[in-house]
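Residue numbers (our numbering), protein chains in the order written: chain A, 1 to 98; chain B, 99 to 243.
Which stretches of chain B does chain A cover? Using the computed rule of at least three CB atoms under 8 Å from a CB of chain A, they are:
1. 153 to 162
2. 177 to 184
One side only, chain B facing chain A, incomplete, derived with CB under 8 Å:
3. 190
4. 193
5. 194
6. 195
7. 196
8. 197
9. 198
Hints listed in this document are in silico derivations from the structure and should not be mistaken for laboratory results.
Think of the CB as a built atom: it goes at the ideal place given N, C-alpha and C, for glycine as much as any other residue.
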Amino acid sequence: MAVEVRIPTILRTYTGGEKAVPAEGTTLSELIDDLEANHPGIKERLLDGEDLRRFVNVYVNDEDVRFTGGLDTSLGEDDQVVVLPAVAGGAGPVSATS
Amino acid sequence: MLQIYGDILDAIIAHAKQDHPNEACGVVAGPEGTDRPERFVPMLNAAASPTFYEFEPTDLLRLYREMDSRDEEPVVIYHSHTATEAYPSRTDIGLAQEPNAHYVLVSTREHGNSPGPVELRSYRIVDGEVTEEDVAVIAPTEPSG
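Generate coordinates for the entire structure from the input sequences, incorporating the hints supplied.
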C-alpha cells in the first residue's frame with residue numbers, strides 16, 4: 001500500500017525535485033527502504049545507523065514518530081508521512097582550544 | 099544580498115533582546131520563489147538555552163504546514179548568539195538544512211536585554227559552506243488595496 005511522503009527542500013535532490021513521492025511499507029522502516037530503492041542515497045540522510053537521525057523529524061499523520069514507536073511506527077493506506085529537517089543550531093559550548 | 103523591511107529587522111532584534119541570555123529563534127516567511135521575507139514568525143526555543151536553539155518539533159510541523167498552505171517558504175531563519183559574535187558556529191553550520199534560506203544572526207553579547215545596538219549579520223549556509231552577504235534595509239511598503 002502506498003503512502004504519500006512529503007520531502008523537504010534539502011532532500012529533493014534525491015527525488016528529482018519532487019515535493020512529495022509515493023512509497024510503500026507497513027512500517028516506517030520498510031517505507032524508508034522502499035524510498036531508498038527508488039531514490040538511492042536518501043536513506044543515509046534519514047538514518048544514523050539503525051536510528052532516525054537526531055536532527056531529522058518524521059511525522060505520521062502529524063504525530064512525531066519519536067512518540068509512536070520510531071522506525072517501527074505502523075503505516076496504513078492514506079497515511080501521510082512528512083519529513084522535516086530540524087531547525088536548530090546555536091553558539092555551542094565555549095571551546096577552550098579554539 | 100538580503101533585502102528586508104526595517105520593521106521586521108527591529109522585531110528580530112527585539113525578540114533576541116527579550117530572550118537574552120537564552121538564544122532566540124524564528125523565521126521570516128515569504129512568498130515562494132520571491133526571496134522576499136515578509137511574515138515575521140518568532141518561534142519558541144525548545145532548548146531554552148544560552149548556547150543552543152531548536153524549534154519544537156510540533157511547532158515546526160505547524161509552521162511548515164502553514165507556510166505550505168500560503169505558498170510560502172522560510173526566506174530568513176534567524177537566531178541569536180548571546181555571548182559570542184554573530185557568526186555561524188560549527189553547530190550552526192553542521193545543522194543548517196535550508197539551502198535557500200538567509201541565515202540571520204544577532205549577537206546580544208554587548209547590551210543583553212538593554213537597549214543599544216546589536217551586531218546583525220546574514221549568511222548563506224550551503225553544504226557546510228558559509229557565505230556572508232550584505233543586509234539592505236528597505237522601507238515598508240504601504241499595504242495595497
